[in-house]
Amino acid sequence: EDKVVQSPLSLVVHEGDTVTLNCSYEVTNFRSLLWYKQEKKAPTFLFMLTSSGIEKKSGRLSSILDKKELSSILNITATQTGDSAIYLCASGGSNYKLTFGKGTLLTVNP
Amino acid sequence: SAVISQKPSRDICQRGTSLTIQCQVDSQVTMMFWYRQQPGQSLTLIATANQGSEATYESGFVIDKFPISRPNLTFSTLTVSNLSPEDSSIYLCSAVYRGMNTEAFFGQGTRLTVV
Numbered sequence: 114e115d116k117v118v119q120s121p122l123s124l125v126v127h128e129g130d131t132v133t134l135n136c137s138y139e140v141t142n143f144r145s146l147l148w149y150k151q152e153k154k155a156p157t158f159l160f161m162l163t164s165s166g167i168e169k170k171s172g173r174l175s176s177i178l179d180k181k182e183l184s185s186i187l188n189i190t191a192t193q194t195g196d197s198a199i200y201l202c203a204s205g206g207s208n209y210k211l212t213f214g215k216g217t218l219l220t221v222n223p
Numbered sequence: 038s039a040v041i042s043q044k045p046s047r048d049i050c051q052r053g054t055s056l057t058i059q060c061q062v063d064s065q066v067t068m069m070f071w072y073r074q075q076p077g078q079s080l081t082l083i084a085t086a087n088q089g090s091e092a093t094y095e096s097g098f099v100i101d102k103f104p105i106s107r108p109n110l111t112f113s114t115l116t117v118s119n120l121s122p123e124d125s126s127i128y129l130c131s132a133v134y135r136g137m138n139t140e141a142f143f144g145q146g147t148r149l150t151v152v
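Line order of the protein sequences matches chains A and B. The first sequence begins at 114 in our numbering and counts up one residue at a time. The second sequence begins at 38 in our numbering and counts up one residue at a time.
These are computed hints drawn from the structure, not numbers from a lab. Quantities reported herein were computed from a predicted structural model and do not represent experimental measurements. Cβ coordinates follow ideal geometry from the N, Cα and C atoms, glycine included. Do not take every clue at face value.
[As the list claims (entries may be wrong)] DSSO-like mimics (lysine-lysine), calculated; alpha carbons at most 27 Å apart, straight line:
#1 Lys44/B x Lys150/A
#2 Lys44/B x Lys153/A
#3 Lys180/A x Lys169/A
#4 Lys169/A x Lys102/B
[As the list claims (entries may be wrong)] One side only, chain B facing chain A, incomplete, derived with CB under 8 Å:
#5 Met68
#6 Ser79
#7 Leu80
#8 Leu82
#9 Thr85
#10 Gly89
#11 Leu129
#12 Val133
#13 Asn138
#14 Glu140
#15 Ala141
#16 Phe142
#17 Phe143
#18 Gln145
#19 Arg148
[Stated by the list, open to error] Coverage of chain A stretches by chain B, computed from C-beta distances (three or more under 8 Å per stretch; other residues unrestricted):
#20 154-167
#21 198-212
Only chain B is shown next, with the shape it has when bound in the complex (with noise of 0.2 Å):
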């Protein structure tokens, strides 16, 4: 099965700063996707990770709060801007392989709370 590595794990963080999350894939693959759970709710997606190119973004989430990078085929980054509490959530890089249909597996997730 798949190996998705994830950092951190969890953070806690002061309003006003960012976070970056770091998703690195073991081998290749067609997608890579970012979710976010907030407490008690289900996932939710983010965007979609562009390799080399612009994040496609879901309506609701925007570049300049959830600025993303893709540099090259198994690895991406999601940032979480000027933290607000309302960002305490859990955040899920996720990917999907080649020779796959539209299966995903997932990281093992970050645990944000801003303070």
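Chain A with its partners taken away, still in its complex shape (with noise of 0.2 Å):
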């Protein structure tokens, strides 16, 4: 069964700091590892990353995957009152069906 790990399930930080938040994946027929983040009900889409090692950046948030580990972290520099929110990591398989980890609630203090 394919199974995606998200830690930490919480954080609390201030505005400013730079968090990392992280992602492990067993999925059968690997395609593809996505980031989501998700303030109400719908997941806004963030990243999807398929190869190893290259950064992928928007603004202050960037992500990386690392196939030979299984994983992926996602970081927030600079962060925001409006980055609160939950951080959904998701594990593309075969048949384009997407497997979520629980999420990471990161609250942002100003």
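Put the two chains together into one complex; each comes in its own frame, and the hints tell you how they fit.
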């Protein structure tokens, strides 16, 4: 059975801090690793990673995949209160289906 | 980016009734899926909605409880039948677009409360 594990499950930081969120996966027929941000109901797509060692960046967010270690990290630098959300990691396998981790609840305090 | 319209946004339903959720996407998709997110939990795939044929259900989900239709490429419905309080969840429609890899986009979600 495919499995995705995220850590930590929750994190509280102050504005300006840098955070690193972790994701590990065990997936049959791995295609990709995806990160989403969930603030209310709908997850918003952040990154898709398919190649090991290539960092993807969007503003203060960046992510990288390590296929040897079957893991990925999501970094957020200079955090803001608007970054408070649940960050979901998902692994894409066969037939485009996604297996999600439980998420990391990030709280950024002013 | 993709536009996926899902409705209703929320509903409160009585036990034993059913709720049908609609999902409309704005352009050509290859795959459509339905997910459930129970309170405090992550997203779990219910089924793949197949155009013009029966949906493909994941383990633990059955057609009698979660009938799904996809009459054309860009529209799908999920019905949650014979509701019980355990069905109180967020239900999410998802689509993968032609020319993309596995990045899936999500509708706004439907928050269902069963009383």
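Status of each hint after checking the structure:
Between the alpha carbons of Lys44/B and Lys150/A the distance comes to roughly 21 Å, so the proposed pair stays at or under 27 Å and holds. Straight-line distance between C-alpha atoms of Lys44/B and Lys153/A comes to about 15 Å, which keeps the hinted pair within the 27 Å bound. Among the hinted pairs, Lys180/A with Lys169/A is consistent with the structure: their alpha-carbon atoms are about 15 Å apart, no more than 27 Å. Between Lys169/A and Lys102/B the CA atoms are separated by roughly 41 Å; this puts the pair beyond 27 Å, and the hint is violated.
Given the 8 Å rule on beta carbons, the hint for Met68/B holds: about 5 Å separates it from the nearest Cβ of chain A. For Ser79/B, the interface hint holds, since its Cβ comes within 8 Å of a Cβ in chain A; the closest pair sits about 4 Å apart. Annotation: interface hint on Leu80/B holds; nearest CB of chain A at approximately 4 Å, less than 8 Å. Because the beta carbon of Leu82/B sits about 6 Å from the nearest beta carbon in chain A, less than 8 Å, this interface hint is met.
At about 7 Å, the closest approach between the beta carbon of Thr85/B and any beta carbon in chain A falls short of 8 Å, and the interface hint on this residue holds. This hint is violated: Gly89/B has a C-beta 17 Å from the nearest C-beta of chain A, more than the 8 Å allowed. Annotation: interface hint on Leu129/B holds; nearest CB of chain A at approximately 7 Å, less than 8 Å. Residue-level restraint check for Val133/B holds (minimum Cβ-Cβ distance to chain A is 5 Å; threshold 8 Å).
At a threshold of 8 Å, the smallest CB-CB gap from Asn138/B to chain A is about 6 Å, leaving the interface hint in force. The beta carbon of Glu140/B is positioned within 8 Å of a beta carbon in chain A (closest approach about 4 Å), and the interface hint is therefore held. For the restraint placing Ala141/B at the interface with chain A, the shortest Cβ-Cβ distance is roughly 6 Å, inside the 8 Å limit, so the hint holds. Interface restraint check: Phe142/B against chain A, minimum CB-CB distance 6 Å, threshold 8 Å, status holds.
Look at Phe143/B: its Cβ gets to within about 5 Å of chain A, closer than 8 Å, so that hint holds up. Against a cut-off of 8 Å between C-beta atoms, the interface hint on Gln145/B holds, since the closest Cβ of chain A lies about 5 Å away. Using the Cβ-Cβ criterion of 8 Å, the hint placing Arg148/B at the interface with chain A is satisfied: the shortest such distance is roughly 6 Å. Under a criterion of three residues with beta carbons nearer than 8 Å to beta carbons of chain B, the stated coverage of the region 154-167 of chain A is upheld, 7 such residues being counted.
For the region 198-212 of chain A, the proposed coverage by chain B is satisfied: 8 residues have a C-beta within less than 8 Å of a C-beta in that chain, meeting the threshold of three.
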